[in-house]
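Spelled out, the chains give:
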Amino acid sequence: MKHTISLLVENHYGVMSRISGLFSGRGYNLDSITVGPTQDPSVSRMTLVTIGDDQVIDQIKKRLDNIVDVINVTDLTEKHSLYRELVMVKVQAKSGTRSEIIQMADAFGATVADMGAESIVFQLSGTPDTVEGFLQVMDEFTIEECARGGVIAMEGAKKHREPSQTNTPPTKRTTDTVI
Amino acid sequence: MNGAELIVKGLKAEEVDTIFGYPGGAVIPIFDVLYEDPELQVILTRHEQGAIHAADGYARSTGKVGVAIVTSGPGATNATTGLATANFDSVPLVVISGQVPRNMIGYDAFQEADTAGITRSITKHNYLVTERTDLGRVVKEAFHIAGTGKPGPIMIDVPKDIFTAEDGDDYPESVHIRGYHPSKHGQAEQIQEAAELISQAKRPLFYIGGGMHISGAADVFNRIVDKTGIPTVSSLMGLGILDHARTDFLGMIGMHGTFAANMAVTESDLLCAIGVRFDDRATGDTSKFAPNAQVVHIDIDPSTMDRNIHAHVPIVGDARSVLEKLEPLLTKASLGPWLQQVTGWKKERPLVPPQSNSYLSPGDIIAELNEVFPDAIISTEVGQNQMWASHYYHFKQPRTWLTSGGLGTMGYGFPAAIGAQIGNPDKRVIDIAGDGSIQMNIQELATAVLSKAPVIVVILNNGYLGMVRQWQQMFQDSRYSSTCLKKKGECPEDCTEPGDGCPEYTPDFVRLAESFGAVGIRISKPEQIRPALEQAKGITDKPTFIECIVEPEANVYPMVPPGAGINEMVFED
Ligand SMILES: Cc1ncc(C[n+]2csc(CCOP(=O)(O)OP(=O)(O)O)c2C)c(N)n1
Ligand SMILES: [Mg+2]
Chain C
2 MKHTISLLVE
12 NHYGVMSRIS
22 GLFSGRGYNL
32 DSITVGPTQD
42 PSVSRMTLVT
52 IGDDQVIDQI
62 KKRLDNIVDV
72 INVTDLTEKH
82 SLYRELVMVK
92 VQAKSGTRSE
102 IIQMADAFGA
112 TVADMGAESI
122 VFQLSGTPDT
132 VEGFLQVMDE
142 FTIEECARGG
152 VIAMEGAKKH
162 REPSQTNTPP
172 TKRTTDTVI
Chain S
460 MNGAELIVKG
470 LKAEEVDTIF
480 GYPGGAVIPI
490 FDVLYEDPEL
500 QVILTRHEQG
510 AIHAADGYAR
520 STGKVGVAIV
530 TSGPGATNAT
540 TGLATANFDS
550 VPLVVISGQV
560 PRNMIGYDAF
570 QEADTAGITR
580 SITKHNYLVT
590 ERTDLGRVVK
600 EAFHIAGTGK
610 PGPIMIDVPK
620 DIFTAEDGDD
630 YPESVHIRGY
640 HPSKHGQAEQ
650 IQEAAELISQ
660 AKRPLFYIGG
670 GMHISGAADV
680 FNRIVDKTGI
690 PTVSSLMGLG
700 ILDHARTDFL
710 GMIGMHGTFA
720 ANMAVTESDL
730 LCAIGVRFDD
740 RATGDTSKFA
750 PNAQVVHIDI
760 DPSTMDRNIH
770 AHVPIVGDAR
780 SVLEKLEPLL
790 TKASLGPWLQ
800 QVTGWKKERP
810 LVPPQSNSYL
820 SPGDIIAELN
830 EVFPDAIIST
840 EVGQNQMWAS
850 HYYHFKQPRT
860 WLTSGGLGTM
870 GYGFPAAIGA
880 QIGNPDKRVI
890 DIAGDGSIQM
900 NIQELATAVL
910 SKAPVIVVIL
920 NNGYLGMVRQ
930 WQQMFQDSRY
940 SSTCLKKKGE
950 CPEDCTEPGD
960 GCPEYTPDFV
970 RLAESFGAVG
980 IRISKPEQIR
990 PALEQAKGIT
1000 DKPTFIECIV
1010 EPEANVYPMV
1020 PPGAGINEMV
1030 FED
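Line order of the protein sequences matches chains C and S.
Each residue of the first sequence is one higher than the last, beginning at 2 in my numbering.
Each residue of the second sequence is one higher than the last, beginning at 460 in my numbering.
Among the hints, a few may not be true.
Straight line, CA to CA, 25 Å or less: simulated DSS-like cross-link-like pairs of lysine-lysine [said to hold, decoys possible]:
{"no.": "1", "chain 1": "C", "residue 1": "63", "chain 2": "S", "residue 2": "643"}
{"no.": "2", "chain 1": "C", "residue 1": "3", "chain 2": "C", "residue 2": "159"}
{"no.": "3", "chain 1": "S", "residue 1": "855", "chain 2": "S", "residue 2": "523"}
{"no.": "4", "chain 1": "C", "residue 1": "62", "chain 2": "S", "residue 2": "643"}
{"no.": "5", "chain 1": "S", "residue 1": "661", "chain 2": "S", "residue 2": "747"}
{"no.": "6", "chain 1": "S", "residue 1": "791", "chain 2": "S", "residue 2": "855"}
Residues of chain C clear of chain S, computed beta-carbon distances all greater than 12 Å [as the list claims (entries may be wrong)]:
{"no.": "7", "residue": "129"}
{"no.": "8", "residue": "138"}
{"no.": "9", "residue": "142"}
{"no.": "10", "residue": "151"}
Please keep in mind that the hints were generated in silico from the structure rather than gathered at the bench.
Using N, Cα and C, we set each Cβ at its ideal position, and we do this for glycine too.
With the hints as extra help, turn the sequences into a complete structure.
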């Protein structure tokens, strides 16, 4: 099954290769990986999309958690979460098909990022399903190039107020004493 | 203070007394600081692999963090086998490598290698120091991470200009690493649940491993075994926690496990596994492993839970700490029929040393070692020698057993023995070696001679890469492809037996030892074993090689064929 795992990691040299190396070295599947800064400049967020049975996913999460530079591991698949992906696609558009293509794209909420004599570049951000559907439709015309940003995700906003919210920094799952 | 001086200050703050190392251009500044330092002894090995294994042997036998320094490029790449060996067996090391100056990184500078990239997957954690101001914190963190949780090797790659850069002399007293909080204690409910399962079981069994040594759990575990009367089996790495002589200790499980241990696992209804990771050489076919048992799994590494064997009660914590909480919850079990059964298995098929008419028996040699050196630290190489050592040496004490279990590194035993000897000057240290493996780090004879380390190397010379030959005999129809260590160009391809045309000695280990200034002894008859060992015992200022001409085609039994269940043992040719 597909799992989206969100990591908070130290913004250190080489962290990205530690994470991707875990997947390549142990033969785990990695569908997409994105990384970017957070509100705290010393912390980056990574979003991984991976596929595996429960046992493999369990191993992946534990092994990620074992990496010293990984501050926090959250499996968003188990939670109410929001997923977004950005895509740019360059579609062949000769004079006869132009308006039809633009109409289709519009129906998905995609916008025109650039237009040339024989092609149009659309951009769309949406859920992975929307992006997938959009690309399928565009594929009926001729896609010249496509660039996808990979999935980013986070837990949705809480629907209920929690008693006395404190603003504590993220810590690891295991809260036992340090030895 | 420059960077090199700060590192040395840090080493002293961490109570390091010994460094194994090999210099080169990129580490000249730190070797310069170590020059004439009375507090730190530097052992110059003859190869960086030897340095890391020596630091590893020092660490395993003393419980302290081992330290090594190597240069950039080839120094670092030579260190990799040592790092991978230590990483697999959870040995705490801090290894400092030199790197080319920061402004030359990425330009294919002389002796540049991506050390952090190369060592990332064979260390617990590693660093490339990019700022002089980070240096103190990095060294402090490295010692903390190496020695806590599930220990492991840490590599610190230090560009040469950081060694020489002047800056503050602050060495931090504490660490704070947001992403590193190994859980030590285990959860109370799970410990309670484990205690209940253990008490209800009719055929309970303890299965212990390397984590018991690391956490210092031998005392509390011995008390638990005395109190409950539950029998114990061990992994390769768990030997030495229980005295071999105890009737309730059934020996090692797995591919070359004892009949009693493998049968006990198979028939148990409760397996309490402590400080083990259920390695495939221990479990055999996992679907046939402990098929009737509920499994309680105690280990500090959460990723070992449910990896190979499902744990009904997983307890993530340090073995000692968890056992101390378990102890008061356990009582004497009434296990009459079960104990009868396990002692029956023990009597039915004890380990029998392979016998030979015209050659020495490896088992007999190790049996005599028990007489002459009952309290030695034993290291091994890899292969049949390693398995025979595990079968026939009578381990009694924790941290006296140094063997490359996870990686299976030939060439580990001799440098590890030197490191252990340097860390334990009052003990005798013996490397039980194969004639193939010993040649993989033979250059360390120079290190041993010059450090006056009286390491004894017992070479079980069978003329073969014996363990591989055994597999070829059993599974490849005796096609001894590239396993005969005496094979010359003109030898027939299909030779399966040494004969008159074979070179007598390649090398002549006696003269080889002597050429380094060590003592060499060769024995080929049973009555020579004892005098040779006694002679070696009397030599306390230099190493001794005892070359034992053993049966070329002796095999290690029992053996579980690869892919079979551990109860499906083969006992003879
Ligand atoms: C560095 C390395 N290379 C290859 C192997 C594969 N291997 C395992 S046992 C063995 C034979 C070892 O021969 P020897 O040291 O003579 O020991 P014996 O089995 O004869 O006692 C080999 C080649 C290994 N474990 N390590
Ligand atoms: Mg051999």
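Are there hints from earlier that the structure breaks, and if so, what are their numbers?
none
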